[in-house]
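Residue numbers (full-length UniProt numbering), protein chains in the order written: chain U, 1 to 598; chain H, 1 to 598.
Simulated from the structure, these hints should not be mistaken for laboratory data.
Any given hint could turn out to be false.
Any copy, or any two copies together, can satisfy a pair, since identical chains are not distinguished.
30 Å max Cα-Cα, derived DSBU-like pairs, lysine-lysine [claimed, not checked]:
1) LYS528 x LYS201
2) LYS224 x LYS411
3) LYS461 x LYS482
4) LYS170 x LYS285
5) LYS143 x LYS249
6) LYS569 x LYS482
7) LYS143 x LYS528
Residues per chain are reported as follows:
Protein chains: 2
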Amino acid sequence: MKASIVGALGAVIAAACVSAVPSPVDPFDLGSASHALYPRMSAGQSGDGSNNDKSKCPSSNGTAVSGYQYAPYSEPVRPQIHFSPTVNFMNDPNGLVYSNGTWHLFYQYNPTQNVAGNQHWGHAISTDLYHWENLPIAIAPEKEGEGIFSGNAVIDFENTSGFFNESTPKDQRIVAFYTLNTATSQTQHVAYSSDGVTFTKYAPAVVERNQTQFRDPKVFWDNKSSRWIMALALSQEFGIVFYASSNMKDWSEVSRFQSYGILGYQYECPDLFQVPVEGGPDDGKMMYVLAISINPGAPIGGSFVQYWVGDWDGTNFTPRDQAVRTMDFSKDFYAFSSWSNSPGNKAYAIAWANNWEYSQVVPTSPFRSIQSLPRELTLKYYRTTPQFGDLILNNRPVNLSAISSKTLYSKKSAQGSKNNQTVALNGKGAFDIQATFKLPANTNITYNTIGSFEIFAGDGKQSVKTGIQMGEPTFAFIDRRKAGSSFADSNPFFTDKTSGIIRYQANYTDDQYVLGPLPTSAYLDQSKQDRYISLQAVVDRSVIEVFVNDGELAGTSVFYFDNDQIPAKAQVSVGDNKLELVDLEVKALQSIWKTCQH
Amino acid sequence: MKASIVGALGAVIAAACVSAVPSPVDPFDLGSASHALYPRMSAGQSGDGSNNDKSKCPSSNGTAVSGYQYAPYSEPVRPQIHFSPTVNFMNDPNGLVYSNGTWHLFYQYNPTQNVAGNQHWGHAISTDLYHWENLPIAIAPEKEGEGIFSGNAVIDFENTSGFFNESTPKDQRIVAFYTLNTATSQTQHVAYSSDGVTFTKYAPAVVERNQTQFRDPKVFWDNKSSRWIMALALSQEFGIVFYASSNMKDWSEVSRFQSYGILGYQYECPDLFQVPVEGGPDDGKMMYVLAISINPGAPIGGSFVQYWVGDWDGTNFTPRDQAVRTMDFSKDFYAFSSWSNSPGNKAYAIAWANNWEYSQVVPTSPFRSIQSLPRELTLKYYRTTPQFGDLILNNRPVNLSAISSKTLYSKKSAQGSKNNQTVALNGKGAFDIQATFKLPANTNITYNTIGSFEIFAGDGKQSVKTGIQMGEPTFAFIDRRKAGSSFADSNPFFTDKTSGIIRYQANYTDDQYVLGPLPTSAYLDQSKQDRYISLQAVVDRSVIEVFVNDGELAGTSVFYFDNDQIPAKAQVSVGDNKLELVDLEVKALQSIWKTCQH
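Just need the whole structure built from these sequences, with the hints factored in.
Structure, rendered in structure tokens:
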């Protein structure tokens, strides 16, 4: 039935000239630059994208062509490798499911305005989690004033719902769960699709409880109890309620996870999912992670995501401890959601890369907000301190080689090198910068033992910076203080600097893979051995995502250069020269968007 | 024995001309300005404090006179109503105890350098928690390389320790507990004082466990089990261990509070103390609060304080839930500690107003770091959401009338007023600004429905801002983005903007004082009634402390104006004019420090 999907999408693809499905004609061939993604970068072209006949470029977000303000996907603030809607406002990722070789991304979408409201489920698909093809809106409200709020989707392989007939291949039986928001209630509803494009609503609410703050269903098939489980947020009561069902229609409450972690003002988007352990004696073993998004009231201001690692016994989720851990140290990572039915016991996820404190006023037009890079999740064992062992949720970007193009700089294992490096960022504003810093044994560090990337705009003045500061523990930071002032000066919530701590690399043998307190004798004196820290920054016009030590720590910050500037130069520095820059690789990343050419 | 304290302090007072003990001659009489607190503000005076004969101004922090770089307590960055050491580096408050009419403040102090290290217990006393008299260092290490780390103090009324003879009045029997830090261990020690000035060490360690990360004893007499209880941090194991003793010398472990809340890299400064409930059916009832400081690894970056409300049964602390709450929404409030033996079932506390991410490099000289305002704590019942009731730790500054001088502006209950207001901040850089904003019923708010105070430096360019943004919920924020750029531009951790959420004022009758989830029917639609929000900012040269709704939410941020500027003008604004400024009062606060004059 792959064919039928392609068939169903045919008309869409033809209309959606901003799609980026790989084609025999390499869409990434910069040589044939008859259309400038970023007109200002190409001499001799007008700045208004006039190579494109906009009248022939309908929006695949379902919006009339008049909605366009500019050549689609070419705006200076428009990320080139992150998913964003052509026009108007997007927030949470929804309905993430892998079906018949295709990754589905639905998302909270307002098709009529560039602020939140009038919520629909927008829709895009991909075969590699990078190149997205925009599809028509999947689920829309029936009445004005109602909204199709967040939820998730699963494959109903065995047709437990009865929604499908036997001609629909098993892995194409998509059932989506969402919250219907009205002025007086939030109730849980179901819609299903046999072709992955058009959805049919099942009329009755499947879960309701006379509540206005009850939302964001996450459903999974539970092998332990052989039934469907739905997690829901009783948002302003700070409860995650679990329901069970055999047929997806009749649900009964089975347990509750109440008042854990940072409460803030609302719990949202609960996601209970399985994640493989990476390395060590439990390598490959699947464990449960419960993620809860908080908004507002995160300590960092506004929105953030916290999680617990624990056990699901078929009825209850029991976290390993009462501690709360955060998934991303910076301020623009919210409404985290994992993909259902990921192949090969892998866990993939994405999050909305913005913060409700300012998301509706950020200076992007005609669209607002992007999704984070897709991330592959594992649980890795770390010494969070010399005396404590922990399983930490590792999140690294899904393999970027699918979108890497030109290597702009590469230096591997340069012995004893301590030099700084400046690299011109020739390309469309999207780059992958990876370095390894070495701190030799017995080095006396200072406050300036910092390894950093400063990414400058074309004007050479504005910049966004990320780095690590060696210490006990070592910090990672993102600093957008100089990344444009017109928005930052006027908004009291657009925090400039964020930071997190980097954990020890654990030695499974020495540590015996102990969770919790470790014997003091297990102390590792890191100052007496060479230390290596890897830092990766994916910079994409108006967003930077930072990954330390292959995803042990991640941070996501959006930024908004003034005067239509895009990233143009990277300066890699080693502060007081006590660190050595041993490896450095800078790659241009290719836009995932084809521009309109007819 | 008050006399004997005064006697013992006589020599100190004579030498310590920076003391500010109220005297018959009003030390706050600005008319007799023969000594300029802030020379640059007074025409015709040299800027180096030359009115003071520095050779006659020994430091009461125990440092040689050569340590002075400037007329003491007159530097532009020097807060005038917050405690700070004359010279060199201070961090955690320690040994807070009320004894014989005197509030004792000990503090982590490096008497030889303006960075952390060589830790001693500095000492100051007060009769009103504002006017501090510097005393000689109270507890010093015996050997180089050792440090007297944080701890607390109690009154041993019944001489359970045997350290005192009967001639010492009961409420003057001070026993201090501290951690002795060496290269190979952290052990817990005791020192005692009969005169409140000189301390005698009890030689043996009283608690040890072959640990290098085991510190910060907090001791209290437990009426429930009729014994002393000591809380200690197993810092890098994320445990709070409780010990019990009948004689202060022999301690045995009784319970542990393990892996709660944000772990970060270290637990520090546990404080289990009693706090009175304010208002409602339990008014005056004492409840237990456990505060734990985290550093680094707070979500906001670096250091912060989290707390739990719960029960102490004589052996175990049991929090009411697994949620973690924070005590201050901003970035400069750490090592929170409460006073032992506060009179009248009151709870008073103070915290170090800085953050380890940058505290050792902030641009203040010849001293670094200040303590927060003293705060009075209560537990108040709030609707944290329309559907959830909670007891929240309220913290408001101890009555500022003790240090208020001139009223610079006052407008009370100006009917229907919507205007903005600019007030010249005439004084020494310390001011108390209080406003009440009203949002009339049925107002459609916008992102700019903001009530704010912007405090400008004398240059009219630099400023620090605080405010509230109306919404569901309403936010409070502090923004130091424009408060000096030379330090902020160079430090990757000095975050500009912080924010928190404001809870509903609860109605005890309607809500029936329910903790946790409330019936949905209890919903209060605040948009349909007039709302009032009070905002107080205490600005003191290089620090701003913000209190919303009389302490329901508090935030503390330091800031560093460039070019020796101090606060000079306050601009009170109501954004889009949908808020009304109904009350405004601006008062100058008098310096708590007398300058040296001989």
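Going down the list of hints, with the structure as the test:
no.: 1; hint: LYS528 x LYS201; result: neither (63 Å within a copy, 36 Å between copies)
no.: 2; hint: LYS224 x LYS411; result: neither (50 Å within a copy, 67 Å between copies)
no.: 3; hint: LYS461 x LYS482; result: both (8 Å within a copy, 18 Å between copies)
no.: 4; hint: LYS170 x LYS285; result: within (26 Å within a copy, 62 Å between copies)
no.: 5; hint: LYS143 x LYS249; result: within (23 Å within a copy, 73 Å between copies)
no.: 6; hint: LYS569 x LYS482; result: both (15 Å within a copy, 27 Å between copies)
no.: 7; hint: LYS143 x LYS528; result: between (67 Å within a copy, 25 Å between copies)
The structure shown violates the earlier hints numbered 1, 2.
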